[in-house]
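Q: Sequence:
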Amino acid sequence: MARVIIFGASGFIGSSLLNYLLKKGFSVEGYSSTSCNLLDLARVKEVMQNYESDEEPLKIIFGAVIPRQQEDSLETMILNIKMMHHALSAIPQGKLCQFIFLSSSDVYGLPVASLPLTEETETIPNTYYGLAKVACEKMLLSSLFPSVKPVTIFRLPGIYGPGDQAKSVVGGFIKKIQRQENIILTNEGKTRRDYVYIQDLCTLTEHLLLNPYHGIINVATGIAHTMEEIAKSVAEEMGERVNLQCQPGSGVRSHDLVFNTQKIKDLCPHFQFTLLPRGIRWYRESAISST
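The sequence shown begins at 32 in the numbering used here and counts up one residue at a time.
Mixed in with the good hints there might be a few duds.
Calculated cross-link-like contacts (lysine-lysine; reagent style DSS-like; alpha-carbon spacing at most 25 Å) [to be verified]:
#1 K76 with K113
#2 K76 with K221
#3 K221 with K207
#4 K180 with K296
#5 K206 with K169
#6 K207 with K113
#7 K55 with K169
#8 K180 with K263
#9 K55 with K113
#10 K55 with K296
Here are the computed distance ranges between Cβ atoms for each label pair [said to hold, decoys possible]:
#11 Q196 with K55: 35 to 41 Å
#12 Q80 with E316: 41 to 47 Å
#13 K54 with K113: 20 to 26 Å
These aren't lab readings, by the way, just hints derived from the structure by calculation.
Using N, Cα and C, we set each Cβ at its ideal position, and we do this for glycine too.
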């Protein structure tokens, strides 16, 4: 069995993937910015040299990133691209047998002109974060690193679930409702989004590790809900009242995200995404059981 390396293993998605794959019996190791600073090329090469003598081939899951919520600037864009370049530059020759990159729907830009989105939709990002994701995708699929194949690119529209520390939209709604705080929505709450439960991403990752695919995949349920519907679903599952303020006018991120999910259906014909109400319920139950 191939050895799986996860970069960005201390984050919400990375740590969830690490724990899931370990439970599934994969040979997997995770690296955070502390154990392997991807901005330090010498350190990255030092870490990767440890695998040169291994008989097992390598599979890399790359989730390391400076998130848009932390800072969206030219400087962070350059740093995000540099981390990817260092990782690719340090891979031992002939060892890699798959690379999975956790990209983002931010590559499509705001607002998206034509819906539903497909993997062939033109990428016109309007954030530095989105630009960095596009650059990393291009780098992976270019001839600069011909030995890096197959490359699986997951474009993620937003992941929620236990461990997200209320940083997801769903988690943020739960937190505000618990505190009886107002939830302010632009576009009168009618903006449509498609959020994916973390367990679904873990299951899909497992499937693609066992059945490699070279190309881009929009990881989405195919069912978009308005932000107002999402907030009310959270409140209903919690048995609480939600204080909504649906305001007119568009905000910075008040665009719709609606996906055509035919490709993921073709690749994983027996897989079914978790419906939003059920995902919210499991999220809540996990939070309650951990307190």
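Q: Could you run down the list of hints and mark each one as holding or not?
A: Results for each hint:
no.	hint	verdict
1	K76 with K113	holds (14 Å)
2	K76 with K221	violated (48 Å)
3	K221 with K207	holds (19 Å)
4	K180 with K296	holds (22 Å)
5	K206 with K169	violated (37 Å)
6	K207 with K113	violated (36 Å)
7	K55 with K169	violated (31 Å)
8	K180 with K263	violated (43 Å)
9	K55 with K113	violated (32 Å)
10	K55 with K296	holds (23 Å)
11	Q196 with K55: 35 to 41 Å	violated (24 Å)
12	Q80 with E316: 41 to 47 Å	holds (44 Å)
13	K54 with K113: 20 to 26 Å	violated (33 Å)
Comparing the model with each numbered hint stated earlier shows that hints 2, 5, 6, 7, 8, 9, 11 and 13 do not hold.
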